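For chain A, the structure is supplied; the task is to place chain B on it using the hints.
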Amino acid sequence: MQDSFFLVVGTGSCQGFLQTALGVMIFAKPRFATAMLGEDDLSGADPLTGLLPLVEAVVAEHQPSAIFLASTCTPEILKMNVAGCAAPLEERFGVRVYPCRLDGFDPSYTIGEDHVLQSMLARSPETDEKNLVILGCLSALEESEMRVECAAMGLPEPRFLPAESALDLPPVGPNTVLAPAHPYLYQSCAWAQRERGTATFRTLFPYGPDGSRAFYEAIAAAFGKSVSYQERERDTWAAIEREVADLRGRTIAFCSDGLIELPLARTLRAAGAVVDFVGTPQIYKKFHAAEVAALAGVEIVERGDRFQTFARLSELKPDLVVANLNIANALEGMGFTVKWSTELTFQPIHGFSGAGSLFGLFAATLRRHDALAKRRRDDSVPAKPIDLDFFRVGVKTRA
Amino acid sequence: MKLAIWSYQAPAHVGVSKAAASFSGIHCVLRAPKGDGYGTIMLAMFERLGVVPPLSISALNEATLAGAAADLPLLLADVDRRHHPEMIVVTRSATASVLQEPLDGEIGMMAPGMVKAEIFQASAHPVRDDETSAFALTTKELVAHFAQDVKRSDGPSVNIIGPSLLGFHDRSNVESLRRALDALGIEVNAVLPLGASPDDLRRIGRAWVNIGTARELAQPTLEFLEGRFGTPWVRELPYGEAGTTRFLRELCALCEIPAERIKAASKDANLLWYARTVDAHALSSKRVAVFGTPTTAAGIARTLREELDMRVEFVGTYVKEWGPWLRARVSDITDDVLVTDDYREVARAIDRTRPDIMFGSQMERHSASGLGVPCAVVSPPAHILNFPLGYAPFVGYDGANHIGDLVNTTQVLGLEHHLIETFGPRGQGRFAEAAPEPEAAHSAVATVEDGAPRWDPAAERLMQRVPFFVRKKARSNVEKYAKERGVAVIDEAVVVRAREHVGG
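Same order as they appear, the protein sequences are chains A and B.
Here the working numbering is used: the first residue of the first sequence is 1, the next is one more, and so on.
Here the working numbering is used: the first residue of the second sequence is 1, the next is one more, and so on.
Excised from the complex, chain A in its bound form:
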């Protein structure tokens, strides 16, 4: 949403986090800022007074069409009514203000997207029409595929949330078919069900040929049509055989990270990989039911302990471990081959057209590992992981 601005109400920690998360510092005029709480603000004063000049500055400099006013951990603890500032700010500056929660208490960073979408849904027009809304940030490529498939099935053109503009909101009502594209959008769906009576769409998420087939067939069914994607699924598997071949029979384990572990494990399994172990931060029983069912027999651990996971991995010795940046290098240091997981949440890997990229991300890691091992020919010069002794350079050198 190029026309939006994120104003995060929080402390220096939030500011540090934003900066670190965007780590490489994209200096193209940032579309976010932190409203830093000073000691005075921590005494529980009304945040509106403090926010007024800040929002005025943001509006003057950036002219956004919408501001996401994000409340973080500290306002949450102080019971500071940041959300209550949205309406008066909107009225004062004539700019749409979406209040949302973006806090570090959530089990995964991806839930931030859920909160943002929920704040937008709350402003979406109500309708009794039977329409299709696809929920979740997708790339233009991924959206195109979904638009084309819906047209081919003779369905109404889908509306996407978010769209290119933060003001472009699809109508949502009791007859809306609300299709979440990501497995971490539970709260938005629950909100729509509770507030608008929108039935929650439950099937596999559109990752891999199997998931994409289930996703489109379920959309068709929701519009009372019976469409088979069996052939399409088969064609896609055939088209991506090069990537899939490198994964077939390989053992893969997932460490808990962005809540997308379940569908990825499911489609890797469908591709012929052996999925040993899946850690995930949270399972929403009904929302994830189809994915959990498809993973029957796989060891799934919710909110697991990091060291217990390490111990389990040492027993299982998978060919590939999928893990976040926190532990990826440490796992490499233990001798595992690691695919860093964060990439999986921002690469266009949805749908039939994204399936090649999806499997390619995993296959490339294994291919690199195998190629390096082969090119080195032997293990006489093993990689030495950097440990803490490496830094004791002043007194003695590394053994």
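Hints listed in this document are in silico derivations from the structure and should not be mistaken for laboratory results.
Every value quoted in this text rests on a predicted model; they were computed, and no experiment measured them.
We treat Cβ as the ideally placed atom computed from N, Cα and C, and that holds for glycine.
Worth double-checking, as some hints may not be accurate.
What the hints assert, rightly or not - Under the rule of at most 16 Å between Cα atoms (straight-line distance), these lysine to aspartate or glutamate pairs were calculated in the EDC-like manner:
| id | chain 1 | residue 1 | chain 2 | residue 2 |
| --- | --- | --- | --- | --- |
| 1 | B | Lys480 | B | Glu500 |
| 2 | B | Lys116 | B | Asp80 |
| 3 | B | Lys34 | A | Asp305 |
| 4 | B | Lys2 | A | Glu56 |
| 5 | B | Lys2 | B | Asp341 |
| 6 | B | Lys480 | B | Asp342 |
| 7 | B | Lys473 | B | Asp351 |
| 8 | B | Lys267 | B | Asp342 |
| 9 | B | Lys480 | B | Asp491 |
| 10 | A | Lys317 | A | Glu299 |
| 11 | B | Lys2 | A | Asp46 |
| 12 | A | Lys130 | A | Glu113 |
| 13 | B | Lys2 | B | Asp342 |
| 14 | B | Lys151 | B | Glu187 |
| 15 | B | Lys473 | B | Glu313 |
| 16 | A | Lys384 | B | Glu47 |
| 17 | B | Lys2 | A | Glu39 |
| 18 | B | Lys34 | A | Glu299 |
| 19 | B | Lys2 | A | Asp40 |
| 20 | B | Lys34 | B | Asp71 |
| 21 | B | Lys473 | B | Glu500 |
Claimed, not checked - Sample of chain A residues at the chain B side, in silico, Cβ under 10 Å:
| id | residue |
| --- | --- |
| 22 | Val9 |
| 23 | Thr11 |
| 24 | Cys14 |
| 25 | Phe32 |
| 26 | Thr34 |
| 27 | Asp41 |
| 28 | Ala57 |
| 29 | Asp246 |
| 30 | Gly249 |
| 31 | Leu325 |
| 32 | Pro385 |
| 33 | Phe390 |
Chain B only, in chain A's frame:
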């Protein structure tokens, strides 16, 4: 409330974690929401640690918000069992401090023997302190906690205070100092916090002299050790070749060893000779500016001025409480000392002075690149690029060589480009992309003022013949000249007259 976009410094808990986790045998536990735990990712990624970092997060969650910190003892026990530290340093983020959890009570009520490690609560204030002051305070606190009365070492010895994990080229800096100290026959008693164990801290009083590489990080520890053991510390900063020699002379005097030994230590130093070589003669006309931590700004500005004869436009730091120190330290180099933690103010200063080379942090690198000004990164805030696999020090003799190389590789080679522009076909060759045209170089920070004079085509053509590396400066000189005289349209005559007036 204050609007913040990019910050030079991280919050206090990052300073505490960096200091505490850098010691060996000490583990840091951060009480914070899960989202505040990004320090572990920085440690794991930037330092490329192949092991689990000695920093753990005791995550606040919805449940702990309601009650007490009942889960903290469990994590402490877990850390104790997994890492076997001698001490666990507990700190909290600003958010956790707002919660006012009774951590003392929770820790105090733990069953005896549940945690073998000693538990230490860092006293840096999560809101009032910043990364620098929290780091400096935590280092001093841990030194004060462990230091014991010990006999001074038989031969001369030093402690090097300030280097840490996630520090700026710190491993290389320590290595460079150690090489020089080896040559002088001075023992390194301890490097801290980087790699020092509690035992090293107990014996810290053995050292004859203390060295603070980054003064803003070391000062409280230097003063504490001076008070406790009477250990003197070196005032000179080990930047540049001559600077390092001065630094070592002061050190030799304090260690009562003959200064002649410095010859052996400096045998590979090339910066002063580089300055004599004809290749470097053009540096005298080059203008530079330096912005960063107070120590790097002072050290590098002096090196560039005294050893390379470059003209220093301004020097600055974002560690505001060290502004007066920096001002005093560079008073003979420039009056223009910029003390601000607003990156936009620094960007405006770069725009105003248009140095030939900017020396700054990653922040300045971004600002400068938008202005078409080359920038060498010499100070934190760092980037993964500042965690080189190899040896790249900034201090000591090897650091001086490295600074010389940086000057060399960062400056735009004006003559080379000019010759290509003159003799080669336009828009071809390896520099075709290197020099942005003035139009393209206008960035977000470069403000176009209202009422700016217009350029007629002939004057524009004339400007194209000005060598690109002075074109921007020349252009703004002409515009300034025209504006001062109320000239609305700049033609060839105005350019010529302006040149007479302001040169260039």
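Is it true that the CA of Lys267/B sits at most 16 Å from the CA of Asp342/B? Roughly 42 Å separates the two Cα atoms, so the pair is violated.
Sort out whether Asp341/B lies within 16 Å of Lys2/B, counting only the CA atoms. holds, 13 Å
Would you mind confirming whether the straight-line C-alpha gap from Lys480/B to Asp491/B stays at or under 16 Å? holds, 14 Å
Is it true that the CA of Lys34/B sits at most 16 Å from the CA of Asp71/B? Holds: Lys34/B and Asp71/B sit about 14 Å apart, inside 16 Å.
Do the alpha carbons of Lys384/A and Glu47/B lie within 16 Å of each other, as the hint requires? OK: Lys384/A and Glu47/B at ~14 Å, within 16 Å.
Between the alpha carbons of Lys317/A and Glu299/A, is the straight-line distance 16 Å or under? holds, 14 Å
Pairwise hint evaluation, Asp46/A against Lys2/B, where the allowed Cα distance is 16 Å at most: holds, 15 Å
Is Lys473/B close enough to Glu313/B, meaning Cα to Cα at most 16 Å? This hinted pair holds, its Cα atoms lying about 14 Å apart.
Measuring from the C-beta of Pro385/A to each C-beta in chain B, is the shortest one below 10 Å? holds, 2 Å
Given the hint that Lys480/B pairs with Asp342/B, test it: the Cα-Cα distance must not exceed 16 Å. The hint is violated at about 27 Å.
Interface hint for Asp41/A, Cβ within 10 Å of any Cβ on chain B: holds, 6 Å
When the least beta-carbon distance from Cys14/A to chain B is tested against 10 Å, hint result: holds, 8 Å
The structure is inconsistent with the numbered hints 6, 8, 12, 18, 29, 30, although it conforms to all the rest.
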